[in-house]
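Engineer: Starting from the known structure of chain A, fit chain B onto it as the hints suggest.
2 protein chains.
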Amino acid sequence: MLGGHDMNYPNGKKKIAPHQNTTQLNHNYSNRGMTLEADINATNAYYLDTDKAIIHKKPTPVQIVKVNYPKRSAAVITEGYFKQASTTDYNGIYRNKYIDFEAKETKNKTSFPLANIHDHQIEHMHSVVNHGGICFLMIRFTVYNETYYIQAEKIFSYWENKLDGGRKSIPYHLIKQDGYLIPLQYQARVDYLKVIDKLYF
Amino acid sequence: MLGGHDMNYPNGKKKIAPHQNTTQLNHNYSNRGMTLEADINATNAYYLDTDKAIIHKKPTPVQIVKVNYPKRSAAVITEGYFKQASTTDYNGIYRNKYIDFEAKETKNKTSFPLANIHDHQIEHMHSVVNHGGICFLMIRFTVYNETYYIQAEKIFSYWENKLDGGRKSIPYHLIKQDGYLIPLQYQARVDYLKVIDKLYF
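Chains as they are written, first to last, in my numbering: chain A, 142 to 342; chain B, 142 to 342.
None of these hints come from the bench; they were simulated from the model.
All the pointers check out, no bait thrown in.
Intra- or inter-copy, both count: the list cannot distinguish identical chains.
In silico BS3-like cross-links for lysine-lysine, where the CA-CA straight-line distance does not exceed 27 Å:
1. Lys309 - Lys248
2. Lys245 - Lys309
3. Lys224 - Lys199
4. Lys248 - Lys212
5. Lys198 - Lys224
6. Lys207 - Lys245
7. Lys224 - Lys193
8. Lys245 - Lys224
9. Lys303 - Lys250
10. Lys335 - Lys295
11. Lys212 - Lys224
12. Lys335 - Lys250
Okay, chain A solo, but in the shape it has when bound (with noise of 0.2 Å):
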């Protein structure tokens, strides 16, 4: 999930007039503002109809405990939590590939702490890469709106160090030496798929 605990959700959405919507859109296209998540999805719609690639964002894990089933009108869930999420939130098909990835952003203006992933989703990257997935992590610092593609494979030897009792955090300026800066665009916002060009094919 986008932003850890101080997710926003689903408040952004519903109290936006669709005038303000549009304004915003064009006020954050020209520098900020605009969640990594909604540019993400911007760009997978883009590559869905362009026929690029189809890459999809899982619906977020929802616990359903009760469901009222009113008579001539939509089951209305009633009692619902969160869950954690146990795979990353991005995955689908690109040049006969498997694509898998997590998108986090951070207001830190120095590092990437490591605690915005958990255990499960690092255990989830391992098997993709052993399965011939192709595998990354994206990491916007809102601070100086700068999106980064990691490979799975860096962030792996961070974590075994930050389980070794190192760093619990990746520096930004090892972001910026490891990582692939994904230039902000018009079409498609975060276009990822360019980095994964180069980097496979």
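Structural biologist: For chain B alone, coordinates are given in the frame of chain A:
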């Protein structure tokens, strides 16, 4: 989503005490009663444990409308609705290949009603095939307790036919002919990777 509108989610899980659950499991394995979804989840868990494949069910898509954030306890979704899935329910990776499928149960004895599948899902399955993924439908005839693997490509021709004013269902005898019976087993209860091995490797 499995079972379409006659989904008994989430009651099934909640009302069974642990030892009843075990009893039910044994009973079911012997012949019938376990849902296809439960069988697939168990199979995928087995594949994951044995590092054979990484295939997961996507969470049920829920449109979250209201969330309460009580102090000192977890956020509670107090209003939510089931959304129609735009893709299939299961995907992942096996032997370097992208795997994607949908699973459906029917109580029908003579045919599988195509109304169980949505336009969006067919579109998605088409894209998956075009991008080099392995895509199929798993259909269980609950009356016979038989589960079939049917390649997406076969489904497309029935779908086209339906759009051209033809049959709105796939006759059982043609599913027997065009599909592959997945035997019910103990460990990997519906061992669909065996069919994939035969067809693609």
